[in-house]
Each structure stands twice: as structure tokens, then as C-alpha cells.
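Number of protein chains: 2
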Amino acid sequence: MPTTDPSERRATIEDVAEAAGVSVATVSRALRDLPNVATSTRLRVEQFAQQLNYRADPNASRLAAGRSGAVAMAVPVFNSWYFSEIVAGAEAVFADAGYDVLISAIPGPHRRALFVSQTAYQRRADGIIMVDLAMGQGERDVLLRAGVPTVTTGAKSADFPGVIIDNVAVGRTAATHLAGLGHQRIALIAGQNEDPLHFTVPEDRQRGFERELEAREIFFDPSLEAAGNFSVAGGYEAMVGLLKLDHPPTAVFAMSDEMAFGAIQAAREYGLGVPEDLSIMGVDDHDLAAAFGLTTISQQVDHQGPLAARLLLALLDDHQPDELMVEVPTVLVERTTTGPPV
Amino acid sequence: MPTTDPSERRATIEDVAEAAGVSVATVSRALRDLPNVATSTRLRVEQFAQQLNYRADPNASRLAAGRSGAVAMAVPVFNSWYFSEIVAGAEAVFADAGYDVLISAIPGPHRRALFVSQTAYQRRADGIIMVDLAMGQGERDVLLRAGVPTVTTGAKSADFPGVIIDNVAVGRTAATHLAGLGHQRIALIAGQNEDPLHFTVPEDRQRGFERELEAREIFFDPSLEAAGNFSVAGGYEAMVGLLKLDHPPTAVFAMSDEMAFGAIQAAREYGLGVPEDLSIMGVDDHDLAAAFGLTTISQQVDHQGPLAARLLLALLDDHQPDELMVEVPTVLVERTTTGPPV
Numbered sequence: 001m002p003t004t005d006p007s008e009r010r011a012t013i014e015d016v017a018e019a020a021g022v023s024v025a026t027v028s029r030a031l032r033d034l035p036n037v038a039t040s041t042r043l044r045v046e047q048f049a050q051q052l053n054y055r056a057d058p059n060a061s062r063l064a065a066g067r068s069g070a071v072a073m074a075v076p077v078f079n080s081w082y083f084s085e086i087v088a089g090a091e092a093v094f095a096d097a098g099y100d101v102l103i104s105a106i107p108g109p110h111r112r113a114l115f116v117s118q119t120a121y122q123r124r125a126d127g128i129i130m131v132d133l134a135m136g137q138g139e140r141d142v143l144l145r146a147g148v149p150t151v152t153t154g155a156k157s158a159d160f161p162g163v164i165i166d167n168v169a170v171g172r173t174a175a176t177h178l179a180g181l182g183h184q185r186i187a188l189i190a191g192q193n194e195d196p197l198h199f200t201v202p203e204d205r206q207r208g209f210e211r212e213l214e215a216r217e218i219f220f221d222p223s224l225e226a227a228g229n230f231s232v233a234g235g236y237e238a239m240v241g242l243l244k245l246d247h248p249p250t251a252v253f254a255m256s257d258e259m260a261f262g263a264i265q266a267a268r269e270y271g272l273g274v275p276e277d278l279s280i281m282g283v284d285d286h287d288l289a290a291a292f293g294l295t296t297i298s299q300q301v302d303h304q305g306p307l308a309a310r311l312l313l314a315l316l317d318d319h320q321p322d323e324l325m326v327e328v329p330t331v332l333v334e335r336t337t338t339g340p341p342v
Numbered sequence: 001m002p003t004t005d006p007s008e009r010r011a012t013i014e015d016v017a018e019a020a021g022v023s024v025a026t027v028s029r030a031l032r033d034l035p036n037v038a039t040s041t042r043l044r045v046e047q048f049a050q051q052l053n054y055r056a057d058p059n060a061s062r063l064a065a066g067r068s069g070a071v072a073m074a075v076p077v078f079n080s081w082y083f084s085e086i087v088a089g090a091e092a093v094f095a096d097a098g099y100d101v102l103i104s105a106i107p108g109p110h111r112r113a114l115f116v117s118q119t120a121y122q123r124r125a126d127g128i129i130m131v132d133l134a135m136g137q138g139e140r141d142v143l144l145r146a147g148v149p150t151v152t153t154g155a156k157s158a159d160f161p162g163v164i165i166d167n168v169a170v171g172r173t174a175a176t177h178l179a180g181l182g183h184q185r186i187a188l189i190a191g192q193n194e195d196p197l198h199f200t201v202p203e204d205r206q207r208g209f210e211r212e213l214e215a216r217e218i219f220f221d222p223s224l225e226a227a228g229n230f231s232v233a234g235g236y237e238a239m240v241g242l243l244k245l246d247h248p249p250t251a252v253f254a255m256s257d258e259m260a261f262g263a264i265q266a267a268r269e270y271g272l273g274v275p276e277d278l279s280i281m282g283v284d285d286h287d288l289a290a291a292f293g294l295t296t297i298s299q300q301v302d303h304q305g306p307l308a309a310r311l312l313l314a315l316l317d318d319h320q321p322d323e324l325m326v327e328v329p330t331v332l333v334e335r336t337t338t339g340p341p342v
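If you're matching them up, the sequences are chains A and B in order.
Numbering of the first sequence is given in the working numbering, commencing with residue 1 and proceeding in unit increments.
Numbering of the second sequence is given in the working numbering, commencing with residue 1 and proceeding in unit increments.
One chain only, chain A, in its complex shape (with noise of 0.2 Å):
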């Protein structure tokens, strides 16, 4: 029911998005009159904006306070599909608030000791979201001292909100999946052998992984495990190393969707049938998972990056968070690259 009762809970972008059922970066594009939306998609925005009373924030004045008007957003990589999307579904709420985004590719701690110490002494940001970069103490403790608005996704702290999924929770059902459909021989694709950055998420879905098999009295030999760092030649790396063992598995879990799309161009040029002769599955549900017809477990990245907006933007408008940690819920999809061992 439309309302424009000024008492009321302003609706947000999130909320024209849920409506329309479509992400935040294309209700924001859409109500910008800005390409790579369809004009069906365009219309139904527009029509939900109206019926929610949704106006774009204009606080943007607060910004003439003596701050930069800028966040900054720091992520391990920009070509990934999972941090990119994140820093677009960001951006787009930032750029309803009125604030510019700095972003920053952290390729090791010591350039996430430089970020820290840039944004805390020369505060070319008012604030900071980090992307599954765990910070050790010490940068911790300069970000608090300073004041330094800050949210992190993905690795969790303790000092600071966040957005984040259960990664074991992820592993679990990952097990749950494949063990159920019979398989005794699982393979894990997992992130990198060396990791200065100390990535937590890769560890934690390992450790749901193990244990669920491990509950289920499933042995799983360390020789099925290979590292694929998070990339389609990675994954398919680790898949071609996989086929070539003496007992190869009959199931694989890949820790993201992009190394499960390498795994099957291997397993595809091996001559095997996904999943008649070998079942495999990923993380993500990403763009092309459906293109696939990839197994996969969804962890909503596009609720993730506009989450994080929202944390860091209550943050500098003063405001405690109703929730200092935003968990997003995962979601086993099910499609056609996993089926019953032969």
C-alpha cells in the first residue's frame, strides 16, 4: 500500500530492489536512466520506487562537513568475480548517498599495512571497507585509535562490523551433498598453497568439510585435496592432477564457481560426463553458474556489498548498527553437475 506518512521508515534502495526482485546496482542504474538495464526491468523499478515512495538519500550536504566525501574500499584482487561484484553492489549505495569510492587492490600484508596507516594518518577517506582482508592486530589498533570508521566483510573481527556467511556451514553442506548422494570418494578444491594474506574463508569451509565427512565415517585421503587458487585455470589445474591419480574421486567440491568451471572443462576434455562419470559442485552461484547447469552453493553476493554500504554508512552518520554482524544466509542450488556415483 502506498504511504507517504513522513513517520514511516523511508523505504531503501534494498527495498525497491527485494521488491522488484532484481540487484541494488540495477535499481540504482535504472532509476539513473543508465544503460545495461532492459526496458522492462527499467519500468518495473520505476513502478516499485513509486509504489515504496523511495527517494535517493539527499544527505549528501553532510559531506560539505569537513570530510573528503569519499570511502574507501580494499579488496585482495579486482579481477574476481566475487570481489568485483561486491565493490559494484557497494558502490551503487555509496553513490545514492553521495559519496565517492577509492578502491585499493591489496595484493599482501604489506600493502594492507600502508592502506591502514594512509587512511588513518591521511585521511583521504572517512571510512573503510575491507574485503576479505583479515587485519592483524596492529592495524586493528591504528584504525580504533584513529577513529576510522571501518566494516569488513568476509574474514569476521571482533573490532569491527561485518558482513559475513557461515564458511564451515558452507563445507557441512558441501559433505552433506555429495555423501548423500552416495559418494565415498570426494575431492576438495581448495584455495592456495602459499597465503601471506592469511584468507580465513578457505580454512573455514575446509574445516565444515572434514568434519561432516568425518561424522559421516568417510575417509578423506589428503591426496584428493589440490589447490586451485580461485581461478578457472587453477581449477581446471587441480581437476587434470585429480584424474591422473591412481583412485580418482567420483565427486568434487570446489571451494568457488570459478574453479568448478575449470574442473569441468577438464573433466570434459578427460572424456568424462558430468555428472555420469564424475560429479562436481562449487561456491558462488555465479553469472554463468546456470550457464553450467552448475551444482553450487549460493552465498547472495549481491546482498553482501550493499550490506556493507549500509553498515559503514550508519557508521558515519554516527549511528550504531541494529546489527554489528550481518550474516547472509547460503543456499545449496541444485542443477545437473552432480548426480549418484556409477
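The hints are all genuine.
The list treats identical chains as interchangeable, and a pair is accepted whether it falls inside one copy or across any two copies.
Lysine to any residue pairs mimicking SDA-like chemistry, simulated, CA-CA at most 25 Å apart:
1) 244 with 43
2) 244 with 40
3) 244 with 287
4) 244 with 41
5) 156 with 317
6) 244 with 42
7) 244 with 39
8) 244 with 269
9) 244 with 44
10) 244 with 290
11) 244 with 220
12) 156 with 114
These are computed hints drawn from the structure, not numbers from a lab.
On the provided structure of chain A, position chain B as indicated by the hints.
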């Protein structure tokens, strides 16, 4: 032959990348001992870096001289494969040279104008790269008057150095390939219907495509053109529309690989074999093109970002680049999604 003669041209990061057969970003990551690089690749890169006597740029000290030490890149959207690759490739070169990188998403003309004026008048960055964003004359004048070192990619500009590909030739190559296989009814999955940013790339590709068909006396039925918004979902929707025609096409040229992936998915869901019933090709040579077996036109995206960064670094060092307009060659990559009509 290794050499340490200081008078010789210093090896660049691109030289190492070419020698090792990997991307500039991979070299940068490998030499900084960062994740996402296979150990075998790391060793190969280190070997070639040593052979070529490569060292990271020591001129970072120039940043002390009253400059911001940052460069800014403006891209239309973050979450698109092409743009994220350009940013990642350029960022590796800038990081190597000691520059920070600010990134702005430019969803429309208003933000583009704002980006230009902020760069020119607030000097938050020492130079800028406009990625596939054709500027109006007024914007170009502002940058020229303010003396902001500027490089463009994608959209050619007479006022600034840039990295380009021959998009008319891309269209011709696609038409030549599909017509050469014997197709007469060839569809085009193009950009967007409404285009406030006036992208020139799709226009050029379409012109080359139509001219080549005309030269071969093949009628291009306007009902075979569909907007795909350069996204997987858009390519899917465009293909569904084309398959519903009374006289559907026997071949499709999609202007990007992501649109081609969506088109392949739609064709399969309609029970069509690719290429037995329908040939589909794209442009890009996306990370996942090989996994789809996609015939495409590679535009060597991994070279474009580093080349643009090198042009801007030359301008920042007050060198006139050797070549003001660097053209990256495109090349047809034949895989398995195109074949003769039935």
C-alpha cells in the same frame, strides 16, 4: 643473454610477462610473492626476471615532489569481465611504479562530468585513464586546460593518447567467419537500446559487420538485431527473442563473450545443438571462453591495461610516448561453437 649494461633499455614488467608467457598482473604478483600464482609459474617468472635483469621501478621517490602519488581510472561499471581485467592489468603496472590507483564507476554523463571536474580542479590524482568513456568536447577542454595527463582506452580520442583496437575490423572478421561457413541468416546481439554514455565500440563493431555482409550481398534482416546489454542475462534474453522468430537465424554474432555465453545457454534450453543447429561466436576471449568451446575474437585484454598504464606513466614523467595511439591486434580464435549451417 643476461646483461647488466646500464645503457641498455631497462626490461619492463611487460618484457618479463611476454618471456614467461603470462599476464603482467601475474608477474607483479609472482615477484611480490603473493597468492593466486602457481608455484611453477612463480619459478618461471623469477627465472625470466633474473635473465632479463628486471627490477621494479625505483622512481617512486618522484612522488615526494608535491604530487598526490595517485592516478585515477574511470570505468563504466566494475562487475564486467572486460573492465575488471583492464583495471587489474593497469593497477599492477601502477603499483610497480609506486602509484596508488583511485577507481570511479561512471554510470552516466553526469558522473563523468563530475569525475573530470574533480580531477581537474581538486587534483586528487596526477593523471587519469578513461576506460571506454567517450568525453564531450567541454570535458576534454577542461582536462587540456588544467594540464591533466590523460589516457583513453576503447573510445578513440584525438586529444589524448590511447589504447585502441580496430572495432570495425572485429565486426568484419565475425561476418567473414560466419558467412565463410555458409550462413546467410546471421543475427547480431548488440549493446543496449538506450545508451546515455554514447559507447562507440558497439557502433563500430556493427558497422564492420553490416558492411562485410553487404559486400558479400548477404541481406541483414533488421529483425535479427537484438540488444544484449553486454551481460550474460542480456545475451540469454536476446537469444530467446531471436529463437521465437518465424525465421530464426542459423548463426549469431554476439558483441561480447558474456552475451555469447547467455546465448549458448538459451539455445541449449531450447534443445538446439551448438553448432549443429546454431552457430554462436563472441568477442573478448574471456577466461571462460575455452570452457564453453566458444569461437571468439580475442582482443588481448590482458595487454590493454598495462599498455594504457605505460602511456600514462610516460606522460607523468614528461615523456612524449613513442606512439600516441597504440593499437592492439585482434585475432579470430576458432573453437567448437561455430560450424556450417544444416
